[in-house]
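Number of protein chains: 2
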Amino acid sequence: MSPFGPLSAVASHPIHLPTALSTDRLDRYWATSGPLRYWYGTALVTDPILAALQTFADQHNIIPTFLSLFGDNRLNTTENRAASHIWFRNNNRRNEWFPQVAEFCAQIHQSQAYDTVIQIGIGGSELGPRAAYHAIKRWAIKNGQVHMKAKFIANLDSDDARLIVSKVDLRRTLIIVVSKSGGTLETTENLTLVSDLAIEQGIDPAQFRKQLIVVTTQGSKLDLSDQFGHSFYLDEGIGGRFSVTSAVGALVLGLCFGAEPVSAFLDGACDIDALSQDPNILNNIPLLSALLGVWDRTILGFPTRAVIPYCEGLRFLPAHLQQLECESCGKQVTSEGLPIDYSTSPMVFGHTGTQAQHSFFQNLHQGTDTIPVEFVGVLRGQLDDTVQPDLVASWVGQISALALGRHHDDSRKHCPGNRPSTLIILETLTPHSLGSLVAYYENRTIFQGLLWGINPFDQEGVELGKLLYQQVRAGESGFPADLFSRIIG
Amino acid sequence: MSPFGPLSAVASHPIHLPTALSTDRLDRYWATSGPLRYWYGTALVTDPILAALQTFADQHNIIPTFLSLFGDNRLNTTENRAASHIWFRNNNRRNEWFPQVAEFCAQIHQSQAYDTVIQIGIGGSELGPRAAYHAIKRWAIKNGQVHMKAKFIANLDSDDARLIVSKVDLRRTLIIVVSKSGGTLETTENLTLVSDLAIEQGIDPAQFRKQLIVVTTQGSKLDLSDQFGHSFYLDEGIGGRFSVTSAVGALVLGLCFGAEPVSAFLDGACDIDALSQDPNILNNIPLLSALLGVWDRTILGFPTRAVIPYCEGLRFLPAHLQQLECESCGKQVTSEGLPIDYSTSPMVFGHTGTQAQHSFFQNLHQGTDTIPVEFVGVLRGQLDDTVQPDLVASWVGQISALALGRHHDDSRKHCPGNRPSTLIILETLTPHSLGSLVAYYENRTIFQGLLWGINPFDQEGVELGKLLYQQVRAGESGFPADLFSRIIG
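As you go down the protein sequences, you meet chains A and L in turn.
Just so we're aligned, residue 1 is where the first sequence starts under this note's numbering, counting upward by one.
Just so we're aligned, residue 490 is where the second sequence starts under this note's numbering, counting upward by one.
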């Protein structure tokens, strides 16, 4: 029997939002965790369904398992190692690495030798740090805390690195090279390319080497102190998509904005880590949100999930969440390797509002699939820190339109309604509240993985593509090489 | 009976890619249209299925309907007007508007008074032009054809405009304001904000007015010649998401790169318009691709579709396609308003490769849903215009991994394979080939709308959200206002 049988049973009493929306739901379907407020009155759940979700979470030992993330553990069963990103950002272990980052940033700022930092990395070494950098940038401008600007190079397409390098003064640029294994093709190729371009510009190679900083694991292929001016390490149990609160994110953010905002960012994450320990799902936003996600995906069968931040500073958040959620939970066997007969990760996508309203929202309102939406609303701007009522009214209007729909005699203008959404509200977007928002999505993702019985910390599906790439480049025979030769000619 | 009955019949003979991939498919499953090459050997089709798709297209009068787009028509039945973007970019009508754009750009370049252009617009007024701007930028740098740089302001969140304005010298900046109706909230608000910021900087309002250019329809709320230094018009039959080859895209591109590359961009689109008239689906890439999309979505039931350009210059293409495809085909009634019982637009999403490989590709390889992928491969770089074999091998590796899968004794490393993809190849990304690529996606989208029997030119689903926004702002009673007051307090 599917572990989701008990949940499927309560699904036989569905809710119809256009008739069910009430003052009661407006008053009661709220939860608060730190700087985050969560409203789920337009989720397709009722009190009995919430009670069943609580029972389901209790029966699957979700909180005890989550608690093991605060110390040594073997939750990444596939690779037989710990998932350690939470452990290393909380206070007992943060002291082992963050002071060095803070001190290095202070030295660089004091030297006034650099105005730019380029981070070379891909996947979690790019997406999380890039999202956080843009989310803090306007706050830092407003508060006079911009020390350096950051650029990111990720793509194997050399057009990425070449344009970025052409825009900066390499003599005044630090290069952070981020690769956990030290063997990431894109990152080593881009390091070589940027170094070649520096030499072309007449920069002395020995001097340029001092500008190179590596963030990797101890003993990796890039743990070569003679080739870098400085080395920072992360624990091997910190997965790329969970690494923004390690040196992978903290170093570039600290160089740009100073160590203090980065401390606040980490504290914001730790606040949510603490609040995520509450077994009562109505007090634990990440767990409640994870359960609603499982409800939408596995019980109601919705194949996708949109995340729409109504905040220009969060422009790069959806791309980060796409990796975080899809790479963690896009699995089809349990953590023990047993086949499963239910749906796991939806395809997550998103774009900032209000832009998304003028783009794919047509498909949300009148398409043939139901696409649950998570709205992320920020009440105050960063550069102009007053409340933006027009912006708030925009997402309120969209939540309402999706839920209520509209009868129209012209069927082409008819909107069916009953389309679910959830809402995360931040009063302001600061380093602290950003840390909370990031940890909310991380912990929500881990909870979903545990609820689905899968290992959210491995990513075995991406290995085969790398292997076949190598076969092509080695000139081996078979379909990949044949296709390659048809294309390259 | 569903119109798709005859197609469902051939679906009872499915293909299994790991066993079916053959030299025959490598040799024959190619099509060429202008600068585009298309390989569909890893689509889930066979010769009999292709024959059925040909019959289906023939029976639904797809080509005769498409041909009407080259002249006056009433294809946008909901709004009882023409769909005219193809008509106006082809030669007979291009002469009515493009020479003015070209002349204006030449005058501006000659004056040397400006180094930046800011385009204020949202939806199609932002996404298509932004995608095209970034796709041409590196080509123009390489070819010494950069006259001005462009920035785009779209969001109602004032943090968007404020950051952009802080980065430019407003005295040397032209502002293009794009709104077809002239009443788009975001655009009029951002125009006001930017004008206020100019006054704050001490710029004379009368002088600043001369720097404002409007692109709108004749007689719209923004057709106010005394408030703008210059006005350009587009036909009311040109929908926002199809407007990048009108003045909406041509003006900003012409100011940045000169009129000649824009001519080439339009010519590239017209080449595909001509080739899209071929009734033989094996010679008509947009039609074939549309049919394969309908096959994946409506017959095989796949709810999403990924587009992955392996080219840094195409970074903003997926966001444009998300609007183009989802706003055009996210409908649940026919163009006559009759209910339909089959699936229309999938949820389209994407990101550049190789970044996407290190992000959500896990979900493509081992997730519980099949997610068809369109790979867009560009053989040569723009800044370094040599062939990039590592990059080509990367997408060949991914296509192979999705199709072939891999048996592994550890089920956590097992990849099921048989996951479909298609491939568009460009030798180089130039203004001309970009125009062809854009028109390929436009015509593909129109074909899909016609195949589904829907009107791909309206977007009635987005109106309700605007209406409820207005109710909130007007303080009217009801659920939206109640939710708003719970949030704003």
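Where hints are given, some of them may not hold.
[As the list claims (entries may be wrong)] No more than 20 angstroms apart at the CA atoms, straight line, and that leaves these computed lysine to aspartate or glutamate pairs for DMTMM-like:
id, chain 1, residue 1, chain 2, residue 2
1, L, 656, A, 390
2, L, 631, A, 196
3, A, 167, L, 604
4, L, 626, L, 899
5, A, 413, L, 899
6, L, 640, L, 585
7, A, 142, L, 899
8, A, 221, A, 200
9, A, 167, L, 873
10, A, 466, L, 899
11, L, 955, A, 390
12, L, 656, A, 115
13, L, 902, A, 336
[Said to hold, decoys possible] Covered by chain L, according to a simulated footprint, are these stretches of chain A (three or more residues, beta-carbon under 8 angstroms):
id, stretch
14, 103 to 110
15, 146 to 158
16, 255 to 264
Calculated from the structure, these hints are not laboratory results.
All C-beta atoms, glycine included, are put in the ideal place defined by N, C-alpha and C.
Going through the hints against the structure:
no.	hint	verdict
1	L/656 with A/390	25 angstroms, violated
2	L/631 with A/196	19 angstroms, holds
3	A/167 with L/604	16 angstroms, holds
4	L/626 with L/899	47 angstroms, violated
5	A/413 with L/899	52 angstroms, violated
6	L/640 with L/585	27 angstroms, violated
7	A/142 with L/899	52 angstroms, violated
8	A/221 with A/200	26 angstroms, violated
9	A/167 with L/873	16 angstroms, holds
10	A/466 with L/899	18 angstroms, holds
11	L/955 with A/390	11 angstroms, holds
12	L/656 with A/115	16 angstroms, holds
13	L/902 with A/336	12 angstroms, holds
14	103 to 110	violated (count 0)
15	146 to 158	holds (count 5)
16	255 to 264	violated (count 0)
Violated hints, listed in ascending order, are 1, 4, 5, 6, 7, 8, 14 and 16; each of the other numbered hints is respected by the structure.
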